[in-house]
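In this note's numbering, the protein residues as written are 6 to 122.
No lab work stands behind these hints, which were simulated from the structure alone.
Cβ atoms here follow ideal geometry from the backbone N, Cα and C, with glycine treated the same way.
Treat the hints with care, as some may be off.
[What the hints assert, rightly or not] Computed list of lysine-lysine pairs in DSS-like fashion (alpha-carbon distance at most 25 Å, straight line):
1. 57 / 90
2. 17 / 56
3. 90 / 117
4. 41 / 24
5. 34 / 20
[Unchecked claim] Across the chosen pairs, the derived CB separations fall in these ranges:
6. 86 / 37: 18 to 26 Å
7. 119 / 41: 57 to 65 Å
8. 107 / 48: 34 to 42 Å
9. 48 / 6: 31 to 39 Å
10. 82 / 25: 18 to 26 Å
11. 28 / 63: 50 to 58 Å
12. 48 / 106: 35 to 43 Å
13. 61 / 15: 48 to 56 Å
14. 55 / 7: 57 to 65 Å
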Amino acid sequence: MPRSVNTVAARKRRKQLMKETRGYFGARKNVWTVAKNAYEKGLTYAYRDRKKKKTNFRALWIQRINAAARAEGLSYSQLMGMIHKAEIDINRKVLADIAMNNPEAFKAVVDKARAVN
């Protein structure tokens, strides 16, 4: 009995992967084994960096809040402590956006936090 091989599916799979690796440098774009390894490594990096992006954005928000807080004469940790004690329910993303785009509103948040403490 002859060996059964699903050539159509295999060719489709390889063709799809080669299409995905277009634009890669050197053998990574046209040699099957190298392209396959490069593609899998790229998926690994993509997975890792989707997680890392959250960390990076949080760090960016903290830097922005810290800069705005220092303009008000507070450190980041002092401000966040005051906000938590004042039970102001606002996350870092929104607070950083307010600090960047609406300094008057940020000052109001700081004043409200100071009033309670």
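Results for each hint:
1. 57 / 90: Status violated; Cα separation ~30 Å.
2. 17 / 56: Distance ~31 Å between residue 17 and residue 56 Cα, so the pair is violated.
3. 90 / 117: 11 Å, holds
4. 41 / 24: Given pair residue 41, residue 24 holds - Cα atoms ~11 Å apart, limit 25 Å.
5. 34 / 20: 12 Å, holds
6. 86 / 37: 18 to 26 Å: Since residue 86 and residue 37 have Cβ atoms about 58 Å apart, the given range 18 to 26 Å is violated.
7. 119 / 41: 57 to 65 Å: Given range 57 to 65 Å: holds, Cβ gap about 59 Å.
8. 107 / 48: 34 to 42 Å: Distance hint for residue 107, residue 48 holds at roughly 40 Å.
9. 48 / 6: 31 to 39 Å: This hint holds: roughly 37 Å between Cβ atoms.
10. 82 / 25: 18 to 26 Å: Taking Cβ atoms as reference, residue 82 and residue 25 lie about 46 Å apart, which means the hint is violated.
11. 28 / 63: 50 to 58 Å: 31 Å, violated
12. 48 / 106: 35 to 43 Å: 36 Å, holds
13. 61 / 15: 48 to 56 Å: For residue 61 and residue 15 the Cβ distance comes to about 39 Å; the hint is violated.
14. 55 / 7: 57 to 65 Å: Given about 45 Å between the Cβ atoms, the range is violated.
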